[in-house]
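Q: Quick note, the sequences are listed as chains U and H, same order. Using this note's numbering, read the first sequence as starting at 18 and increasing by one per residue. Using this note's numbering, read the second sequence as starting at 8 and increasing by one per residue.
What the hints contain is simulated information worked out from the structure, not anything from laboratory work. Treat each hint with caution, since some may be false.
The calculated lysine-lysine pairs, modelled on DSBU-like cross-linking and capped at a C-alpha distance of 30 Å, are [what the hints assert, rightly or not]: (1) H:Lys68 <-> H:Lys42; (2) H:Lys68 <-> H:Lys28; (3) H:Lys61 <-> H:Lys42; (4) H:Lys68 <-> H:Lys120; (5) H:Lys148 <-> H:Lys159; (6) U:Lys22 <-> H:Lys148; (7) H:Lys175 <-> U:Lys22; (8) H:Lys66 <-> H:Lys24; (9) U:Lys71 <-> H:Lys66; (10) U:Lys71 <-> H:Lys148; (11) H:Lys159 <-> U:Lys71; (12) H:Lys159 <-> U:Lys22; (13) U:Lys39 <-> H:Lys87; (14) U:Lys71 <-> H:Lys68; (15) H:Lys61 <-> U:Lys71; (16) U:Lys39 <-> H:Lys159; (17) H:Lys42 <-> H:Lys87; (18) H:Lys28 <-> U:Lys71; (19) H:Lys175 <-> U:Lys71; (20) H:Lys175 <-> H:Lys24; (21) H:Lys148 <-> U:Lys39; (22) H:Lys66 <-> H:Lys120.
Covered by chain U, according to a simulated footprint, are these stretches of chain H (three or more residues, beta-carbon under 8 Å) [to be verified]: (23) 23-30; (24) 43-49; (25) 53-67; (26) 168-175.
Some chain U residues well away from chain H (every beta-carbon gap over 12 Å; in silico) [as the list claims (entries may be wrong)]: (27) Asn51; (28) Gln64; (29) Glu73; (30) Phe77; (31) Met119; (32) Leu125; (33) Val126; (34) Gly132; (35) Phe135; (36) Tyr148; (37) Asp151; (38) Leu156; (39) Thr162.
Quick reminder that beta carbons are idealized off the backbone N, C-alpha and C, glycines included.
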Amino acid sequence: MTLEKFTRIIDLHGTETARWTKTLRGECESFVANNVEARMLLNQQWQVEESMAKLEVPSFPGLETRVLNQSLPERNRSFIEEVMNWLIPEESFGKQAWRSAMATCIPLVFGIVLGNYFSFGIGIEDDGFQYWDDELTMLSLTDYTETNF
Amino acid sequence: MQAVCVGSRSAYQRLVKRHLKSISHYAYRLLGNQKDTQDITQEVFLRLWINAQKWDSEKSKLTTWLHRIAHNLCIDYLRKHTRIQTQDSFDDEAAHSPANNDESTEETNDKTKLLREALSALPENQRSALSLCHYQGFSNKEAAAIMNISVKALESAIARAKRSLREKLTINS
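Next up, chain H with everything else stripped away, as it sits in the complex (with noise of 0.2 Å):
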């Protein structure tokens, strides 16, 4: 990272292909479409080589850093955009997804549907905290910082989100 500081673009392409999945994922997860979760992650590693510099290591890890960024992104765009839109994508989307293409059964395939559908009818803060918690891999301490939120309040979250998608997913099978 000290060398992407001082400009190093070997660093940085070290650097992208370490982070991409991740940050890839998680926006996919938030957004529920491929040209904006392309976008967006190209968008945090452009923020990466600009404000190298305004990382630090002492406050947080880079990756809590770069999906903190990739946070900040999502949810602007959300904000910016219809949510219909999104909900739409995130359906398409379904019918390419690999566990459709997949031998698997009808029961499986209308589960993860619902399940889909369910998850992108949840709130973005639920959804970022079940995303950052379940998926990601981060501690409720991490999570909660990337979120800006308290740990208490993550949380609460990630408990409604989990509620909510047993309701839906009860109800629909």
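For reference, chain U alone in the conformation it holds in the complex (with noise of 0.2 Å):
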């Protein structure tokens, strides 16, 4: 181990021992005991870290409000997102619920509608209904003038 070795392994791990790396730890220490350059080196390195440790950040008081207050724009969102935000709202889930039981409405309605216009090809089954027009024929051309044998 040499001086400046052992100020590197300072540099980067600090002056707390747990930290410094294994393999090294018991070289290192051994270095500090038999080095009066490698203490002193310790010894101010911990100062700065103490030091360090008392420097304190000035409190922001209004910057919270600062933020949230700020007037934020409005995202331009796809389509999707629209449809999905208005069916599942991310605010006040529960007042806007019943956009989506709404929503679970529309293909029921739209298979009536459906239902309504097209057969689809199923077929009614009504037997003397569907050849109506051809009875009323047969019976315009029977003869049902009473005559007086």
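Dock chain one against chain two, each of which comes alone in its own frame, and use the hints as you go.
A: This is the structure in structure tokens:
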């Protein structure tokens, strides 16, 4: 171990021996025990770290309010995002839960309307009713006049 | 964060409350004065709102991403403004810091003042590296990602910063 190498370790990991590399820890400790310059360096660095720990940042009392109250621009959202936000609103979900219920009803309403107009190949079996125009024609040809024999 | 992406203001407020302290502290440690710190912090959260969709959770943690925004804004600010101004501000506010208002010893106050001066005299990258690893609690890898430098470059910056602080404090004391 050299002083330069030890300085590098101190610069990188600080004065706490627990932070030093495990493989070099024992070597460093014995180097400190036997070297005056190393002890002086360790002491100087310890003083720096102590001062750094005491260095406080002032409080910013109005900052949170300022940040929260700043005007935020409306973001351009995609159509899908708009629809999803309408269906499942992020805010006050309880009050707007009806949206999901309403959206669930849309396929039902659509199905009713569609079924009213199209048969989709499903035939209604109704004998006698299907050929009612032919029946009328046959009836018209029949002579119902009463003849007196 | 996903809620912020779809425009939830309440989610945004929760994020502000969670990250405001660390962002403002980091900005203060780089800029050294309260007014600019507040401006930069406000800008960081505005950018969070505007660029929320750009954040990739697989690439970085939210706090790392926010610190990166803060770092870039602070560096831009420092490059635009004169260094003397920042240093003066550091000195002015040192007089109002809690350490000086406490009933601590004169020696401690002197040391704190010396340290403030030494810190403000450091180059931005060294001050930033030291602040991220020592005060903000980031790992070397995370701090390097925030500063957009390699881990080796970060370690080098930290080593130089510590050496510089040690030398200045030793000489002055």
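Q: For every hint, state whether the structure bears it out.
A: We went through each hint and held it up to the structure:
This hinted pair checks out: H:Lys68 and H:Lys42 have alpha carbons roughly 28 Å apart, not beyond 30 Å. Distance hint between H:Lys68 and H:Lys28 is fulfilled; the C-alpha atoms sit about 17 Å from each other, no more than 30 Å. In summary, the hint linking H:Lys61 to H:Lys42 is supported, as the alpha carbons are separated by about 28 Å, within the 30 Å threshold. The hinted pair formed by H:Lys68 and H:Lys120 fails the criterion: a straight-line CA distance of about 34 Å is larger than 30 Å.
Between the alpha carbons of H:Lys148 and H:Lys159 the distance comes to roughly 9 Å, so the proposed pair stays at or under 30 Å and holds. Among the hinted pairs, U:Lys22 with H:Lys148 is consistent with the structure: their alpha-carbon atoms are about 22 Å apart, no more than 30 Å. About 21 Å separates the Cα atoms of H:Lys175 and U:Lys22, which keeps this hinted pair within 30 Å; it holds. The hinted pair formed by H:Lys66 and H:Lys24 meets the criterion: a straight-line CA distance of about 23 Å does not exceed 30 Å.
Our distance criterion of 30 Å between C-alpha atoms is broken by U:Lys71 and H:Lys66, whose separation comes to about 34 Å. Taking the CA atoms of U:Lys71 and H:Lys148, the gap is about 26 Å. The hint holds against a cut of 30 Å. A hinted pair counts as satisfied when its Cα atoms are at most 30 Å apart, and H:Lys159 with U:Lys71 qualifies at roughly 28 Å. For the hint pairing H:Lys159 with U:Lys22, the CA-to-CA distance comes to about 16 Å; that is within 30 Å, so the pair holds.
Between U:Lys39 and H:Lys87 the CA atoms are separated by roughly 44 Å; this puts the pair beyond 30 Å, and the hint is violated. Restraint check for U:Lys71 and H:Lys68: satisfied, since their Cα atoms lie roughly 29 Å apart, inside the 30 Å limit. For the suggested pair H:Lys61 and U:Lys71, the alpha carbons sit about 37 Å apart, so the restraint of at most 30 Å is broken. At most 30 Å may separate the alpha-carbon atoms for a hinted pair to count; U:Lys39 and H:Lys159 meet this at roughly 20 Å.
Taking the CA atoms of H:Lys42 and H:Lys87, the gap is about 16 Å. The hint holds against a cut of 30 Å. Of the pairs offered as hints, the one joining H:Lys28 and U:Lys71 holds, with about 18 Å between alpha carbons and a cut-off of 30 Å not exceeded. Between H:Lys175 and U:Lys71 the alpha-carbon distance is near 17 Å, which keeps this suggested pair within the 30 Å criterion. About 37 Å separates the Cα atoms of H:Lys175 and H:Lys24, which puts this hinted pair outside 30 Å; it is violated.
Proximity of H:Lys148 to U:Lys39 is assessed by CA-CA distance (about 20 Å); at most 30 Å being required, the pair is judged to hold. At roughly 39 Å between alpha-carbon atoms, H:Lys66 and H:Lys120 are farther apart than 30 Å, so this suggested pair is violated. Coverage of the segment 23-30 of chain H by chain U holds [criterion: at least 3 residues with CB-CB distance below 8 Å; count 3]. Counting residues of the segment 43-49 of chain H whose CB falls under 8 Å from any CB of chain U gives 4; the rule of at least 3 is met.
Counting residues of the segment 53-67 of chain H whose beta carbon lies closer than 8 Å to any beta carbon of chain U gives 3, which meets the minimum of three for the stated coverage. Taking a C-beta to C-beta cut-off of 8 Å, the segment 168-175 of chain H contributes 4 residues in contact with chain U, enough for the three needed, and the coverage statement holds. In this structure U:Asn51 is separated from chain H by more than 12 Å, as the shortest Cβ-Cβ distance comes to about 21 Å. Its beta-carbon lying about 7 Å from the closest one in chain H, U:Gln64 breaks the requirement of being farther than 12 Å from that chain.
A Cβ of chain H approaches the Cβ of U:Glu73 within 12 Å, the least distance being about 5 Å, so the stated non-interface status is violated. Not every CB of chain H is more than 12 Å from the CB of U:Phe77 (nearest about 5 Å), against its label as outside the interface. The claim that U:Met119 is not at the interface with chain H holds, since no C-beta of that chain comes within 12 Å of its own (minimum 20 Å). Listed as outside the interface, U:Leu125 is consistent with that label: its C-beta sits roughly 28 Å from the nearest C-beta of chain H, beyond the 12 Å cut-off.
In this structure U:Val126 is separated from chain H by more than 12 Å, as the shortest Cβ-Cβ distance comes to about 27 Å. At roughly 36 Å, the least C-beta separation between U:Gly132 and chain H is larger than 12 Å, which holds for a residue marked as non-interface. Distance to chain H confirms U:Phe135 as a non-interface residue, since its nearest Cβ pair spans about 38 Å, more than 12 Å. At the 12 Å boundary, the C-beta of U:Tyr148 stays outside the reach of chain H, the nearest C-beta of that chain being 61 Å off.
Residue placement check: U:Asp151 keeps its beta carbon more than 12 Å from all beta carbons of chain H (closest about 64 Å). Every CB of chain H lies more than 12 Å from the CB of U:Leu156, the least distance being 70 Å, so the non-interface label holds. At roughly 83 Å from the closest C-beta of chain H, the C-beta of U:Thr162 stays outside 12 Å, upholding its exclusion from the interface.
The structure fails to meet hints 4, 9, 13, 15, 20, 22, 28, 29, 30 from the earlier list, while all remaining hints are met.
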